[in-house]
Amino acid sequence: MPPEGVPKQGKGAENVNPRLRAAGEAVGINFTGACDRAPNSTEAHALLAYAAKVSPDKQNALQEVLFRHYFTDGLYPAGANLAAAATEAGLDGAAAQAFAEDPTNKAEVAEERSEEHTSE
15 MPPEGVPKQG KGAENVNPRL RAAGEAVGIN FTGACDRAPN STEAHALLAY
65 AAKVSPDKQN ALQEVLFRHY FTDGLYPAGA NLAAAATEAG LDGAAAQAFA
115 EDPTNKAEVA EERSEEHTSE
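Numbering (the working numbering), first residue to last: 15 to 134.
In short, the hints are calculated from the structure, not lab data.
Note that the coordinates shown come from a computational prediction; the quantities given were computed from them, not determined experimentally.
Be a bit skeptical, because a hint or two may be false.
Quick list of simulated restraints, FRET-style, between CB atoms [to be verified]:
1. Pro32 / Ala108: 24 to 30 Å
2. Arg127 / Leu34: 30 to 36 Å
3. Ala108 / Glu39: 18 to 24 Å
List of simulated lysine-lysine pairs, DSSO-like, C-alpha gap at most 27 Å [claimed, not checked]:
4. Lys67 / Lys120
5. Lys120 / Lys22
6. Lys72 / Lys22
Glycine included, every Cβ here is placed at the ideal spot set by N, Cα and C.
All chains should be built: construct the whole structure from the sequences, respecting the hints.
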C-alpha cells in the first residue's frame, strides 16, 4: 500500500458495507465512510508502538481515537492527524508524530507484521 493510501470508489456511506454499518450502530459506532482513501496504516501502528513505549496505559485510548478519527471523522492517519490523535490520548503529539514518521520505527512495524504473516 502506498503511503498516501488508495482512493476509494466515491466517498461517504456508499463506501461502508451495510453489515458493518449495522454492527457499528448496534454498539454506538458511526461508520461514515468519510475518508476518501483506504489507509496505509504503518505510521498509525508506529504511533501505537510509541504509546506502548512511553505510556502503555494510554495505548488503548490512542487506538480508540485513531479508529474514531478514521472511521467516523474521516481523518487520514498521517502527519498532523497522528499528532492530534496522540495529543487527544494524552501524549506529546509532536514527539509521537516524529516517532511515527521515523523510517527506522516504520521499518520495525513492517518487519513485525511480516514476521506475523510468515508464522501463520
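Verification of the supplied hints:
Separated by about 40 Å at the C-beta atoms, Pro32 and Ala108 break the suggested range of 24 to 30 Å. For the pair Arg127 and Leu34, the beta carbons lie near 23 Å from each other, so the given range of 30 to 36 Å is not met. Distance hint check: the CB atoms of Ala108 and Glu39 are about 36 Å apart, inconsistent with the given range 18 to 24 Å. For the hint linking Lys67 to Lys120, the alpha-carbon distance of about 15 Å falls within 27 Å, and the restraint holds.
Between the alpha carbons of Lys120 and Lys22 the distance comes to roughly 24 Å, so the proposed pair stays at or under 27 Å and holds. Between Lys72 and Lys22 the CA atoms are separated by roughly 31 Å; this puts the pair beyond 27 Å, and the hint is violated.
When held up to the earlier numbered hints, the structure conflicts with 1, 2, 3, 6 and fits the remainder.
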